[in-house]
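Asks: Residue numbers (my numbering), protein chains in the order written: chain C, 1 to 302; chain R, 303 to 629; chain W, 630 to 1310.
Hint data in this document are derived by calculation from the structure and do not stem from the laboratory.
In this text, all values refer to a predicted model and were calculated from it rather than measured experimentally.
Even for Gly, the Cβ is constructed at its ideal location relative to N, Cα and C.
The reader is advised that the hints may include incorrect statements.
[What the hints assert, rightly or not] Covered stretches of chain R, going by a simulated chain C footprint (3 or more residues, C-beta under 8 Å): (1) 583 to 589; (2) 601 to 611.
[Claimed, not checked] What the simulated footprint calls covered on chain R by chain C, stretch by stretch (three residues with Cβ under 8 Å from a Cβ of chain C suffice, anywhere in the stretch; the number is not a length): (3) 438 to 450; (4) 561 to 569.
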Amino acid sequence: MCLKGVPMSNNSLMQLGLKKLITDFFKNKITTNLIIGIGILAAFVLIGIFAPHITPYDADEMHYEHLKEMPSASFLLGTDRYGRDVLSRVIVGTRATLLVASISTLLALFLGITFGATSAFFGGQVDNIMMRINDIFMSFPTLIFAILVIGVLGPSMINGVIAIGIIYAPRVTRVVRAQALNIVHLEYIDAAKVRGESSFYIIFREMLPNLWPTIIVEGSIRLGYAILLTASLGYIGLGPPPPMPDWGLMAYSERGYMFETPWPVFAPCIAIVIAVIGVNLFGEGLKDILLAKGSRSKEAKA
Amino acid sequence: MKDFIQFILKRLGTTAITLIIISMIIFGVCHLMPGDAVDMMLGGISLQSLGETTIDELRKELGLNLPVYQQYYNWAVGIFHGDLGTSYIMKAPIAPLVIRRLGHTLLLAVPASLMMIVFGLSLGILSAVKEKTWIDQGISFVSLSMLSVPSFLTGTLFIYIFSVKLGWIPAAYNILDLEGMSMFKMMGAYFGILLFPSLTLGFESIAYVNRQTRASMIEELKTNYVRTAVLKGVHPRDVVLHHALRNGLLPAITVIAFNVGQIIAGTVIIEVVFSYPGIGNLMIMAIKFRDVPLILATMIVISSGYVFANLVADILYTQLNPRIKYS
Amino acid sequence: MTGKNSASANSDTSTESAVLSVRNVDITYYSRGVKFPAIRNASFDIQSGEAFGLVGESGSGKSTLAYAVMKYLSSNGEIAGGEIIFRGTNLMTLSSKELLSLRGLKISMVPQDPLTSLNPSHRVGDQISEILKIHYKLNNKEAHKQAVAMLAQVHLPTPQLTALKYPHQISGGQQQRVLIAMAFCTTPELLIMDEPTTGLDVTTQAHILDLVNEMKTRHNTAILYITHNLGVVKNLCDRVAIIYAGEIVEEGGAGSIFREPAHPYTRALLNCIPKTYSREPETRLNAIEGFLPNLAELKPSCIFSTRCEFAQDKCHQQKPSFLEIGDNRRIKCFFDTFRNRDQPVSIDEKHAVTLNDEFLIKINNLIKLYPTKRGNLRAIDDISFECRKGEILGIVGESGCGKTTIARCIVGLEKKSGGSILFSNQTIGTIRNRSKDMCQKIQMVFQNPEATLNPQKTIEEIITRPLALYNIVSKSQRRKRVIELLESVDLNELYLTRYPHEISGGEKQRVGIARAFATKPELIILDEPISSLDVSVQAGILNLLLDLQEKHNITYIFIGHDLSVIRHLCNSIMVVYMGRICEVGPPEELFDPPYHPYTEALLAAVPAVEPGINQRKILLTGEMPNAIDFMPGCPFYSRCPRKVGKICEQVKPKEIEIKPGHRIACHIPPEELSAFEPIFS
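Using the sequences plus the hints, can you model the full thing?
Replies: Have a look at this one:
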């Protein structure tokens, strides 16, 4: 009584055995959100990598004859109070902000995954204690803690990464733990335990593959917030110290001259907004694919 | 009733412990600062001209020669007596200063929170009910944009438009004499001037609450009990407001409380943007000048606000959710 | 049998007198641009006071049709054709306002999952009074009074108090009664019930069915009863329609259909189900081969032709229309000649176990406690039993009796609080404390096929892992072994690269079984492995399990709640109630007296499908005791209809051996137990 050949939709990618995540990706409608998001992010990454080479002028070069000018043919976004080309400074500023934001997000994800998944798996007292500690860290308003750490340790990129990473880690932990708790009592985890698998194997080889969608979506949300936080810290003077161009700091230091030319203030702000919108669209697009209930193909019934 | 009081006391206890630990962390981190206040005060004066003994005396006077936990203890005890210490740079007791500034900040924060609750909830419910229509898409788009904009940009934009270009509001708010105003003038001042920083403060939070409310309402509208209500013949309006909202509001409460905290913390940036004499601005100044007692005081006050907002949310959530209240 | 009223004798099915008349209804769903004709050309009538059963498996569309009668469809569905006429009014022509006044007043629904169907934030009484306020414009006080009266009508204890409770504070059975109260409080003319007893215990189900009958006769309501449980339909409904893949394939009087099923699908369904009592020698269950057709790609042919054992060329090329076969019955088939064909019979060999075989596993005085605020919850309360090599032991009981906990203790997922478990004369504890050797020997098959496989792994990866972990075969041989294992569960090589979400529930369960067998265990615990599957799929898995057991001479401990299934599968049955053993014995002995009073109640509650047997009815009354309170006597004392006296409450009954291998724990002496009137005759 052998049940042969299921009437399945023919999918050659499936027969090649590619990873399920990628196949889900192609089976689902890729939304315009996602495309625009990826486009923007890709643009920023490229700008960040090639920054010094694509600026029309050197970012620190002061042009004494052209102070506080409005945009013109030679200075596309105008100049600031020291005569520096705004466009160049915005381009170079990409690096600082994006580096700090992305590395700190990765740090937060790493910490969050480790603590969240482990806490959910072991449950009981271990979970209780870890969550209490987590709650204490979460009781600090993000900005305040970042200000505390950087204000005390001194503004620099590394301190920025550490502060933001540590501040966001508890929030990621909460999200990962919540999703892990949904999984930890499912039967395939029990089956693994009955097989005699080690805890490490179960957490990282059975649970984690099912947590990726949540993690990736949360990561993209965090990245957006990280960019905003980095910029805000720069604004209050706790970002990477001058002369390194930093978007937030640029917005702050040039504000006194807004009535002469608003561009040195608003150009970096616009860059921030575009970057965050790009990340958010990317996140929304990812969420539609990875977390939508309709992302499974129609099941065969019998 | 007895259960309720027991529950509140238990929560207050946990909150107190949290605050103590937070204060310890802040205290500890501050003492990691390279150099101490004495160095700060002396500034450029050469040490040799003063002599070692004078510096030691100065340290002793400020209590800086004591071990860290002793200093912490002294300071903590002081708080219970309402004494928040003395500022190094201003050479004045901190408590009255902080209270005054806190009042200014609340003048912005409270209306901002109210705006967040009113607009966030109503727009969220509206989007959920009209899911996938252009109203929903429009609100979602605006929300997403609001979330992508740093608060200093919104504030700066307001200043640019209404101050630089239109001259309606002052570019810097520290010139306002807030204490001297009568109630009436205060209200006028609010709608004319204070609206802007307040609105900036609430901006991001409105979007956050809106998105969360929308998401949870959409979930609720898909449940079986909503189906039961529809099949009972309940009017669609009542299905949303009487059945779904009751349950959909619960996750929204958590988000609202979290955002009240965010608003309190976010005043830091806004007050810098508008040069507003509030507690956030005070904290930034304290950091710049390494005025440790002032840093401590302002951070504790702001953190406490955040912690209490979460406490209120916790209490509300457990009391409004019958599954937890009667388990 | 539970009350059938004279409506079944009434062969007048004219539309004018019918409460509900469904005529040629088509319902279509749209998903990602693809059109799914979920219901095609459905027609039936329901008379006043008649209970009409709509029976089908998952994917048949029965729920869709039921909700469509109330014009409730999800946003991507629509009624594409036909008419639904309620008391002369065509519902298709009604405005939404008119519909609003009809729903809840004249047509009511009792949905499937009681806990999620009640608003968790509203008190139970308020949810009933709301209906009265809307439809009868009563004020709060008056509505509340009537709501309480309604709760009393559905036999809820302390209705005044219950009305003030929230849904999560009452049990599943009570929640369902509340929903029934809600449905009947406006004395509707038509009541639609969507599988209202799925998920409830068998004894609770008996109560609910009894209640439905009572309300039906009292209010003369027409009932449309949706279910997949043929036994329930046989005992409750007057007329039945069988629905398959969106089409009604047979319709007629319930008694008649069950005595003589005419459509091949109906026949096949009835043959899949293990008999509860009939004294026929064990016949092999006939599972239905094949799969549900893809609704998006329908061809003009008989909908069941791909799986029908009698299919002929005509069936694959044309669509049959209804054939009247007399006695007010009709089937959707070209032929009416299969009714009287005998079913080919084959016998299921169960490996015979003698009483002299060695013990594989021995449980002594097992205790499992869960600490709570008020005391310890006794999930398992001093249980001792043993299982011989090659035996198939069935543990049966209702929810909360502790059977799953027993399974988890044996397998090591839970830590026992007392007693010992000996496996091949070695004491075993939790998984952490077991040797790798021991882990290999005891494996488990789980209940929920949707959760039993890791969604991120391919079938090959899932089955290879245990092989790799225990190095059962060398690396180069693994693929071959995986294919062998797949073939042993009637799957094949094509499944290797598939992911769990691409295969059906039955197939997932087969993979779960293959995975359990991969380590070459000596004992497999099966925790309700077929409860979530359709009846036709269950049969296939049961046959498979028996075949594998025969081939490998492996020992099974099978946890279940369905006595018919357990009777078919096991050679020893253990009945458990509130963490204590009531009775242990072979199936030949268990279904006739002497039996434990609880076993008797279970047997009375099982909705039997076989025609021609009588089943006595017993309804248990009384409250279940709290598992936290101290209970020195028999746990069944509070509900036992044969309670002897105070001794039942105060002294724990000893296990009496009626015959070798058959033990009963009761204070009633064996002679009296044998004298009970049998449930089945």
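Asks: Would you mind marking each hint as holding or not holding in the structure?
Replies: To see whether the hints hold, each was checked on the structure:
no. : hint       : result
1   : 583 to 589 : holds (count 3)
2   : 601 to 611 : holds (count 5)
3   : 438 to 450 : holds (count 4)
4   : 561 to 569 : holds (count 5)
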